Amino acid sequence: MNGDEELYCKIYIDCDLTKDQLILILADLLKGSIDLWSIETSNFIIDVMKNKDFDHLKRHDSLDGFLYYSYYLDIEPIESVASVLYKDSIGKLLETVWLKGYLAVAACDFEEELPRKGGYKWQGTLS
0 MNGDEELYCK IYIDCDLTKD QLILILADLL KGSIDLWSIE TSNFIIDVMK NKDFDHLKRH
60 DSLDGFLYYS YYLDIEPIES VASVLYKDSI GKLLETVWLK GYLAVAACDF EEELPRKGGY
120 KWQGTLS
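When we follow numbering that gives the first Met the number 0, the leftmost residue of the sequence shown carries the number 0, and every step to the right adds one.
It is worth saying that the hints were derived from the structure and are not from the lab.
The structure displayed is predicted, hence computed values, not measured ones.
Be aware that one or more of the hints could be misleading.
[What the hints assert, rightly or not] In the DSS-like style, the derived pairs of lysine-lysine whose C-alpha atoms are separated by at most 25 Å in a straight line are:
id, residue 1, residue 2
1, 57, 86
2, 99, 18
3, 9, 49
4, 99, 86
5, 86, 30
[As the list claims (entries may be wrong)] Across the chosen pairs, the derived CB separations fall in these ranges:
id, residue 1, residue 2, range
6, 56, 112, 29 to 35 Å
7, 60, 81, 35 to 41 Å
8, 36, 116, 27 to 33 Å
9, 32, 84, 17 to 23 Å
10, 5, 56, 29 to 35 Å
11, 49, 97, 29 to 35 Å
12, 79, 57, 38 to 44 Å
13, 98, 17, 19 to 25 Å
14, 19, 62, 30 to 36 Å
Glycine included, each C-beta is placed from N, C-alpha and C at the ideal position.
Please model the complete structure; the sequences and the hints are all you need to start from.
Written as structure tokens, this is what we have:
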């Protein structure tokens, strides 16, 4: 991993699940282990957080509505993971969440490298 590269990633997720349900689903999808509100996988650690800025109406705003989604994931790489593998894993996480029908947008320094450019202002059709 390149020490100068910022790999922290925040993913905003909007779904009608409880925090516990979301953690269980994500842990199952990622084959990760749960420790309280965190999920550890072979490539990263995710802290699942309720978004204190959640707003039922503002989340539907087309510009920055994702800032008001119900949850966000704070994601940090495992120390020994290569940045390419970490970014690929983040991309797969996003695709899996989208396939489940949840809205998700990544906020990180490498959004442009992710599928659908991290989901922000993505225009296109599901493939």
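Results of checking the hints against the structure:
1. 57 to 86: Cα-Cα ~29 Å, so violated.
2. 99 to 18: holds (16 Å)
3. 9 to 49: Within the cut-off at roughly 13 Å; holds.
4. 99 to 86: Roughly 20 Å between the alpha carbons, so the hint for residue 99 and residue 86 holds.
5. 86 to 30: holds (17 Å)
6. 56 to 112: 29 to 35 Å: holds (32 Å)
7. 60 to 81: 35 to 41 Å: holds (37 Å)
8. 36 to 116: 27 to 33 Å: At roughly 28 Å between Cβ atoms, residue 116 and residue 36 fall inside 27 to 33 Å, so the hint holds.
9. 32 to 84: 17 to 23 Å: holds (19 Å)
10. 5 to 56: 29 to 35 Å: Hint holds: Cβ distance 32 Å, inside 29 to 35 Å.
11. 49 to 97: 29 to 35 Å: 21 Å Cβ-Cβ, so the 29 to 35 Å window is violated.
12. 79 to 57: 38 to 44 Å: The hinted range 38 to 44 Å holds for residue 79 and residue 57, with Cβ atoms some 39 Å apart.
13. 98 to 17: 19 to 25 Å: 21 Å Cβ-Cβ, so the 19 to 25 Å window holds.
14. 19 to 62: 30 to 36 Å: Distance hint for residue 19, residue 62 holds at roughly 31 Å.
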